[in-house]
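Order-wise, the sequence lines are chains A and B.
Here the UniProt record's numbering is used: position 192 in the first sequence is 192, and no number is missing along the way.
Here the UniProt record's numbering is used: position 198 in the second sequence is 198, and no number is missing along the way.
Simulated from the structure, these hints should not be mistaken for lab results.
Keep in mind that a hint or two might mislead.
[Claimed, not checked] A few chain A positions that, by computed beta-carbon distances, are all more than 10 Å from chain B:
1) R84
2) Q86
3) L167
[What the hints assert, rightly or not] Residues of chain A placed beyond 12 Å of chain B at every Cβ, according to the derived structure:
4) R82
5) I83
6) L136
7) A144
8) L157
[Claimed, not checked] Footprint (simulated), chain A over chain B, 3 or more residues, beta carbon under 8 Å:
9) 22 to 33
10) 71 to 79
11) 87 to 95
12) 306 to 319
13) 349 to 355
14) 556 to 568
Model, not experiment: these values are computed from the prediction.
Note that the Cβ used here is the ideal one computed from N, Cα and C, for glycine as well.
Listed here are the chains, written in short residue letters.
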Amino acid sequence: MGDPTDPPDPAGRPGGIREPDPTLGKPAKPFAPEPFVQGPSQQPQQPRSSRGPSHAAASHSASRASDQRNPEPRASEPRQPRIRRQRVVLAEPSRSSTSLRARVELEQQTSWGELLIKDLVKVQLRTAVLLGLLVLVVLCAIPAVFYAVPAAAELRLAGIPLPWLLLAVAPFPLMFGVGLWYNRLAERREQDFVNMIEN
Amino acid sequence: MQVNPWALVSVTLVVVVTFYLGHRTSRFARSTHDFLVARRTVRSRRNAAAIAGEYISAASFLGIAGLVLKEGADALWFPIGFTAGFLALMLFVAGPLRRSGAYTLPDFMEARLSSPVLRTASTWFVVFIGVLYLLPQLQGAGLALTMIMPTPAWVGSVLVTVVIAYNVMGGGMRAITLLQAFQYWFKLFAIAAPTFVLCAVFVAGGAGAPGSAGSLDEPAPPNFAAHTTVTVDTDVTLGVDTLTRVRVDDGSGGAGWTTWHAGSQHTVDAGSELTFPEGAAVPTVDQATSANLDWLLPSTDLSGLLSTYSLLLALLLGTMGLPHVLSRFYTNPDGKAARRTTVQVLLLLGLFYLFPVMLGMLSRMFVPELLITGETDAAVIALPTAMLSGVAGQILAALLAAGAFAAFLSTASGLVSSMSGVIATDLLAGKVRDYRVASVGVAGIAVLLAVTLPIDDLALSVGMSFALGASTFAPLLVLGVWWRRLTWLGAMVGMCTGGGLVLLAVVLNAVSAHTGGWAPWLLERPALVTVPVAFGLTVLVSIGTSSRVPEDVGAVMLRLHAPDPLGFMRDRAVQRFGRAEEHTRTSQGRHRK
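The shape of chain A in the complex, shown without the other chains (with noise of 0.2 Å):
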């Protein structure tokens, strides 16, 4: 953690929620310091939020990028034990209550959150399904209009074979355009299901 002295640092005090850590800078004592610092009290704990690793691992990071760009102050300093690096875990930022509400029927599989992930479960699945179809036809579309049609098979194009040229080139930018399209639709979907349980 950073020195006293130093003016304080955005990036270890994100939004301002918690208090400068009383142990900063002082020799370490036979009290325990209170390790973890938590954020306002009327939020209750999420019962299964994974945000938890990431959020330490981001504290954890910035308290490490904010030693390495003061090191004179520490290193001009009279020695002192060293004190033991602190984790700090950080509370969620405060979210509406609604947006609480909205998590705990999700989580809860009441019958509201059950249709809002039957919603979307729907929407994914038509897409996928709808695109998944449009390759699959088209695919199947190729050998079967050379069984209907064998002289559609003699073209050429460039002095290439149809056939080759159907089979062997486009269907590889055709598969990678619809995973790319998908992978689109998806994303924004997905986005649009975290706004609206946030909001």
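We have chain A already, so just place chain B on it with the hints.
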């Protein structure tokens, strides 16, 4: 058979680099999380390269060119199907599969349907499919090594097995991730560079250049460009379409020139030497397409059409049933990353598959004698020396041989690692030591089978394991992810019936191969029947046993489909094996998201 010193050097280099990379990355692997899922910290770009590297097996690197040489336009469905499989995987499975938090395929089944019985059954299917897929890789390694140095076939199989067993044992998924990603880029280079050079040679020399066997547009079969002697290693039946002069020397001394009449069939014993004069038409092993015009055009009869659809269905759904492909998706940090990974895989595969097709076309012109011996899988490696004399051809051949070895190594390591994961967590206690024991056991059994069983066409036997994957795991995954009313009994019946039907087809095929080849196309490509049957039975039995729908289906669906930022994902590996110790990744600066 002359020894190509360049190939020896390049293959040795690939093996050494693989060994070294695996050894180096193994140092970071300590816990079960490292071995099973590489701590779930593999970013999408690297994971995409690793998946593509693992997926481009011997069947892709050598087999596709061989099939194009033999079957022509119809063989082009293999690369299409191989790639389309990932599109299906992405559309229906990738994100939810990762969000389920499972660490193996059987674990996903249990997470979704909470049935230990189903878990055990799918464990055995995973092992079976894995071994079925692993065998051609090891056998291909043996075949490839015999082409560059005079060794018995088992040497290559054993060499590959030892290297991958060491790597998988040392670091599991953690060790092979970097390895497979590296091997994708190496394989792409190893096939793209020779293809460009050989195409340039072909264009510069023209179709009628010395060494070529005439243009592909001619209706006649390809011709020998020079006086050619071919040694036949196994008994074959050859067919000719035109009047062909040939000298048969079967080792008994009574060699002499004879004439084979148009449309006739001739049985040639192993060890015979056939000599053809310049300009003679190339005879073919019975099933290969002999005339160039048939080769150039897709088949236009009904059974050809249906068998194409069947193949497409098997490859499309079979990819998601391959345990080693799925196990790579567990290593992404979240569902979104898993989906992004798959998009990039589509690009990487599409890029790669352009090249084996071109090599296959060239080999039809320059190495048609492979049609006689039937060893069409050797086409890729034999082609450069046939087109370019001297050191240049040897270097290109060396590069291709090295790429083929990278293919064996990366695919086999993925297979061994995923099978070890399943065996260690389901049949053993799931500790790191169990994982290591499992990997040695799997590798040992596989190499024993590979050495003792006869060698088949690479792409064809791989095609069978795709059909098996499509008829067993694909219905379970697709229905499990999207359909709430699936029950474990329905899943079990569907999986066992689908798998049983494919196995029946395999057995009948083997019987037919020894009793005159009466099997219709449906036995060779059974997916068109087995996949709908598996899907249908799964649905019917599930509806019939609707009282057994798991009670937590709502919570499971929430976990599978809720977007990652909401944080409903639960890591089942953490639940079972505890949290992996944090200090290794933070202290070594290898923390990745």
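Fill in: Enumerated hints in conflict with the structure, sorted upward
3, 6, 7, 9
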